[in-house]
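All chains should be modelled from the sequences, with the hints used to inform the complete structure.
Protein chains in written order, with numbering that gives the first Met the number 0: chain B, 0 to 458; chain R, 0 to 458.
There may be inaccurate statements among the hints.
The list makes no distinction among identical chains, and a pair is therefore deemed to hold if it is satisfied within one copy or across any two copies.
Unchecked claim - Straight-line C-alpha distance at most 27 Å; calculated DSS-like pairs for lysine-lysine:
hint: 1; residue 1: K160; residue 2: K283
hint: 2; residue 1: K395; residue 2: K89
hint: 3; residue 1: K4; residue 2: K279
hint: 4; residue 1: K89; residue 2: K174
hint: 5; residue 1: K37; residue 2: K395
hint: 6; residue 1: K193; residue 2: K246
hint: 7; residue 1: K123; residue 2: K4
hint: 8; residue 1: K89; residue 2: K441
hint: 9; residue 1: K428; residue 2: K174
hint: 10; residue 1: K89; residue 2: K123
hint: 11; residue 1: K128; residue 2: K279
hint: 12; residue 1: K89; residue 2: K128
hint: 13; residue 1: K246; residue 2: K4
None of these hints come from the bench; they were simulated from the model.
Number of protein chains: 2
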Amino acid sequence: MEMKKVFLPEREIPRQWYNIQADMPTPMQPPLHPETKKPIAPEDLAPIFPMNLIEQEVSTQRWIDIPEEVLEKYLIWRPSPLQRAIALEKYLGTPAKIYFKNESVSPAGSHKPNTAIAQAYYNKIFGIKRLTTETGAGQWGCALSLACSLFGLECKIYMVKVSYNQKPYRQLLMKTWGGNCVASPSSDTAYGRKVLAEDPDCTGSLGIAISEAVEDAVTSENTRYSLGSVLNHVMMHQTIIGLEAQKQMEMINEYPDVVIGCVGGGSNFAGLSFPYVRDKIYGKEIRIIAVEPAACPTLTRGPFAYDFGDTAAMTPLLPMFTLGHNFLPEPIHAGGLRYHGVSPLISQLVLDELIESQSYNQVQTYEAGLIFARTEGIICAPETNHAIAAVIEEAKKAKEEGVARTILFNLSGHGMLDLTGYDSFLEGKLTEYSLPDEEIKKAIKVLESYPKPEIVTKK
Amino acid sequence: MEMKKVFLPEREIPRQWYNIQADMPTPMQPPLHPETKKPIAPEDLAPIFPMNLIEQEVSTQRWIDIPEEVLEKYLIWRPSPLQRAIALEKYLGTPAKIYFKNESVSPAGSHKPNTAIAQAYYNKIFGIKRLTTETGAGQWGCALSLACSLFGLECKIYMVKVSYNQKPYRQLLMKTWGGNCVASPSSDTAYGRKVLAEDPDCTGSLGIAISEAVEDAVTSENTRYSLGSVLNHVMMHQTIIGLEAQKQMEMINEYPDVVIGCVGGGSNFAGLSFPYVRDKIYGKEIRIIAVEPAACPTLTRGPFAYDFGDTAAMTPLLPMFTLGHNFLPEPIHAGGLRYHGVSPLISQLVLDELIESQSYNQVQTYEAGLIFARTEGIICAPETNHAIAAVIEEAKKAKEEGVARTILFNLSGHGMLDLTGYDSFLEGKLTEYSLPDEEIKKAIKVLESYPKPEIVTKK
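Right, here's the structure in full:
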């Protein structure tokens with residue numbers, strides 16, 4: 000019987016996160032203050048984040064110890080299994096070997112708790128009693144509620160009203176873990192009340208929800224704000240995924256030729272790929288592919304520019320590939336990939352040609368997800384289906400070329416709470432929509448007035 | 000750092016199921032023909048089940064090889080982790096050690112695929128192309144859809160109409176795996192059409208759904224019927240859970256003092272406990288506790304009698320603890336425990352005092368489930384919360400007595416698709432309802448006219 004799964008014994012769980020800032024061939028350009036447009040200092044962020052996380056954000060130390068208390072919580076589901084998709088390989092008739100890291104086994108069903116637990120812990124030891132955040136589809140709000148529950152912190156989540164009403168299950172998940180989730184705009188903040196006064200029927204946006212969460216954090220006692228993607232320390236916390244994968248692949252004497260993950264803000268992709276990017280920096284031959292939706296093609300078709308992380312233009316300006324912070328992507332089912340920008344770390348690594356990018360439309364991703372569900376049994380999140388579409392492409396290419404390549408991808412989450420997308424696909428209601436050029440031109444106009452980052456690359 | 004989880008390497012997955020019929024101190028009494036009320040012969044079941052499964056149903060062979068093709072599918076998620084609930088222990092301040100077998104990591108989120116995959120395989124090699132079944136809340140229909148998808152069989156599920164409408168997500172799960180799920184009563188069978196002609200607004204019942212599924216199986220080509228609990232072969236397929244647990248406990252030099260599981264038809268409980276019941280039969284000191292809802296107290300308060308497995312009185316009469324096949328329990332959230340009877344194997348083992356039984360009301364079970372969710376992070380199925388209520392009781396008793404007992408329970412499924420129960424609990428809408436004596440008296444009246452099984456026990 001062929002090997003289908005590698006468990007890493009828990010005593011071998013990695014004890015440190017990997018900080019790719021130590022190895023990047025091109026150093027990062029600084030975030031800029033939203034008003035002065037000058038580089039911000041760590042202290043500028045202190046009302047929003049605890050200092051220990053701000054230190055991680057700017058650190059260039061290669062390895063950072065994972066605290067025992069964080070490891071203890073990781074062990075609820077980690078090390079996550081490394082699995083081989085043999086039935087999918089057979090279905091495709093490919094000589095390629097397809098491995099995946101299964102992050103769907105976490106209590107929240109995705110990779111998000113890897114950073115939520117770390118952030119809750121660091122806030123707690125910094126003396127913080129309460130965290131605020133925003134959530135769109137609800138994945139991040141759930142993960143942070145879970146983490147706060149495990150460390151005894153209060154958690155307040157501002158959930159975009161339209162999702163709040165459409166996704167009652169995600170709301171109930173947060174509530175079950177003790178999180179206080181309100182529909183945004185809410186009457187709990189000055190900004191929310193202002194929006195509601197102007198438009199009582201406003202269905203909300205991620206921008207409004209961020210504004211409310213940040214206002215709440217800076218105006219409430221012992222409270223900080225928490226973000227689930229984009230930032231450097233978030234990417235670092237996720238590297239536990241790739242570090243485990245490397246140990247597991249070694250246990251079976253394998254090394255991937257291709258590493259694949261889907262990208263919205265970038266955290267699951269960074270988590271699996273950064274340890275492999277390091278190998279590539281030091282000379283290993285390996286392809287690393289970031290996959291995004293054709294409806295929100297940040298890396299494949301956006302410019303590298305300074306832009307706000309949020310729609311309300313309150314965060315620092317970050318150097319990244321972006322479609323402009325006012326860009327509102329089509330309501331594709333992969334809500335986690337509908338972000339106008341992408342992690343600055345990933346952006347620089349794309350400039351340095353260490354990471355490739357690809358995009359797929361919704362029909363392609365659900366075709367791939369359905370094949371996976373019916374061969375391997377696991378129904379993946381719509382975000383993950385983007386990675387699977389690319390995996391199937393690579394596996395077919397391997398077949399055409401007659402090469403037995405080893406492919407590794409990140410199964411970032413299951414789709415148990417996102418089944419309506421599968422239904423729409425099965426009913427033939429999805430389109431092959433791809434963002435038109437004119438839309439991109441329009442959306443990125445806003446970037447013209449900001450300072451330009453240098454395009455420095457070490458190709 | 001204390002051990003939180005034991006992975007069994009996949010090469011050590013058990014290669015045989017354990018058939019408790021080989022070791023039972025009291026032999027089983029035969030099922031009776033629904034009309035003649037005489038013992039049925041295996042051939043009588045041939046239109047409904049394939050002969051290879053009927054052979055397993057009556058086999059007294061102790062170990063039955065798990066076919067390679069079944070093992071291959073099991074390896075998608077098996078061996079499932081054995082975990083320790085250290086945060087729960089600390090919360091309770093108990094000297095007890097609490098372990099659980101985590102069956103929620105299967106692609107369907109429960110233990111049900113353990114038998115669904117075996118049944119799909121045996122039907123397939125018997126030449127069957129299509130399976131039918133009924134489903135209430137939808138867990139079983141999902142598991143069978145998954146299994147049929149993995150073996151390329153068609154799957155038709157008759158889902159009780161009221162659940163079909165209330166649980167759209169479960170329906171979509173089946174659809175995504177390629178299952179054809181219709182609301183029952185349906186116009187697809189003669190019986191369904193008859194019911195609809197009499198009452199077009201009928202919201203259905205498990206009895207009607209079984210009747211439709213069986214009619215479809217016996218009247219369609221290359222089609223058989225599949226059942227997810229109660230029967231002997233189903234219990235046997237689930238023993239992979241307990242056999243893995245025994246190996247995992249041995250890896251850490253542990254042996255449980257108490258084994259706990261929730262019971263509806265009995266399959267998850269049998270799966271974990273039967274290998275330990277065997278140890279008990281051969282002299283080991285161990286307590287084994289079956290936990291049921293106070294709203295449906297089959298083992299704790301029902302008589303041992305011959306009764307039909309279904310509401311429509313079409314199946315053979317089975318010797319079991321039962322509340323009468325017409326009994327309709329309150330609509331508690333733990334839909335999987337709302338069954339009027341219980342596995343005949345478990346029933347006999349209760350008579351033989353090898354298994355104890357307990358019951359808890361809904362409020363107690365959700366209190367327990369919420370404590371677990373907020374300490375261990377995992378949100379369990381409402382069925383599983385019954386087991387957790389008993390675990391917490393045992394852990395408290397260990398604290399009072401100052402004894403460091405080892406408790407093992409079956410985490411049979413997660414609650415991601417059953418969150419409304421938690422919401423009702425948090426909103427204070429659940430009651431401590433327990434089935435009144437008069438209701439039981441009324442419900443079991445129907446049993447008077449059937450033959451009585453002997454109450455043979457080897458205490």
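> Looking at the structure, which of the earlier hints fail to hold?
Replying inline: Of the numbered hints, 1, 5, 6, 8 and 11 do not hold.
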